[in-house]
Amino acid sequence: DQQVKQNSPSLSVQEGRISILNCDYTNSMFDYFLWYKKYPAEGPTFLISISSIKDKNEDGRFTVFLNKSAKHLSLHIVPSQPGDSAVYFCAASGGRGSQGNLIFGKGTKLSVKP
Amino acid sequence: NAGVMQNPRHLVRRRGQEARLRCSPMKGHSHVYWYRQLPEEGLKFMVYLQKENIIDESGMPKERFSAEFPKEGPSILRIQQVVRGDSAAYFCASSPPSRAYGYTFGSGTRLTVV
Numbered sequence: 001d002q003q004v005k006q007n008s009p010s011l012s013v014q015e016g017r018i019s020i021l022n023c024d025y026t027n028s029m030f031d032y033f034l035w036y037k038k039y040p041a042e043g044p045t046f047l048i049s050i051s052s053i054k055d056k057n058e059d060g061r062f063t064v065f066l067n068k069s070a071k072h073l074s075l076h077i078v079p080s081q082p083g084d085s086a087v088y089f090c091a092a093s094g095g096r097g098s099q100g101n102l103i104f105g106k107g108t109k110l111s112v113k114p
Numbered sequence: 001n002a003g004v005m006q007n008p009r010h011l012v013r014r015r016g017q018e019a020r021l022r023c024s025p026m027k028g029h030s031h032v033y034w035y036r037q038l039p040e041e042g043l044k045f046m047v048y049l050q051k052e053n054i055i056d057e058s059g060m061p062k063e064r065f066s067a068e069f070p071k072e073g074p075s076i077l078r079i080q081q082v083v084r085g086d087s088a089a090y091f092c093a094s095s096p097p098s099r100a101y102g103y104t105f106g107s108g109t110r111l112t113v114v
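Top line first, the protein sequences correspond to chains A and B.
Just so we're aligned, residue 1 is where the first sequence starts under the working numbering, counting upward by one.
Just so we're aligned, residue 1 is where the second sequence starts under the working numbering, counting upward by one.
Keep in mind that the hints were calculated from the coordinates and are not lab data.
For lysine-lysine, the following DSSO-like pairs were computed, each having C-alpha atoms within a straight-line distance of at most 27 Å:
{"id": "1", "chain 1": "A", "residue 1": "K109", "chain 2": "B", "residue 2": "K44"}
{"id": "2", "chain 1": "B", "residue 1": "K44", "chain 2": "A", "residue 2": "K68"}
{"id": "3", "chain 1": "A", "residue 1": "K106", "chain 2": "B", "residue 2": "K62"}
{"id": "4", "chain 1": "A", "residue 1": "K5", "chain 2": "B", "residue 2": "K44"}
{"id": "5", "chain 1": "B", "residue 1": "K62", "chain 2": "A", "residue 2": "K5"}
Please model the complete structure; the sequences and the hints are all you need to start from.
What follows is the structure, encoded as structure tokens:
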């Protein structure tokens, strides 16, 4: 039973355009959501997060939107740069029994073409 | 201030052997998490430890896997009698006590069972 779903395994975007990565979740008890970026042969790097009491959080070129009623969040990258090419993981926490551990989606591989 | 250090980076074991994966958390971090990433999958939570205590091991397989975080030294993830299905990337993350969600990942250990 996958509680966090990233339905697009890959996404290709032209440099300078917007990248939109999507994530859906099923557990209404989740109260904190994070996006991680991962390059090959490296560990995930924290990118941006959002609490369930907010619907938007912005940090430079990165914005995360949360739609609680739809149990959906998205990461927007504007403008996209070739260095953004990586695998992006959505993660959630706060479900019943949560002790701070995160539930990850399977990831979306973003390719930004020059 | 070194990040989360994992070693070895790559580990090859024959079926039936034991694998020991080490994780040294960031300075000042007393919480350690272990995650496993199977090919084409997201990261799956395994265990959450504090010094000398296992807080949550709900993601650990019931047999052959164990973890510890002693008072002195690194956290160890131990896999006894490895099988081919144990081949994966194992990531460790650490956090300070006050930010359970804001943790930092190491670069991982890639275990290959032949």
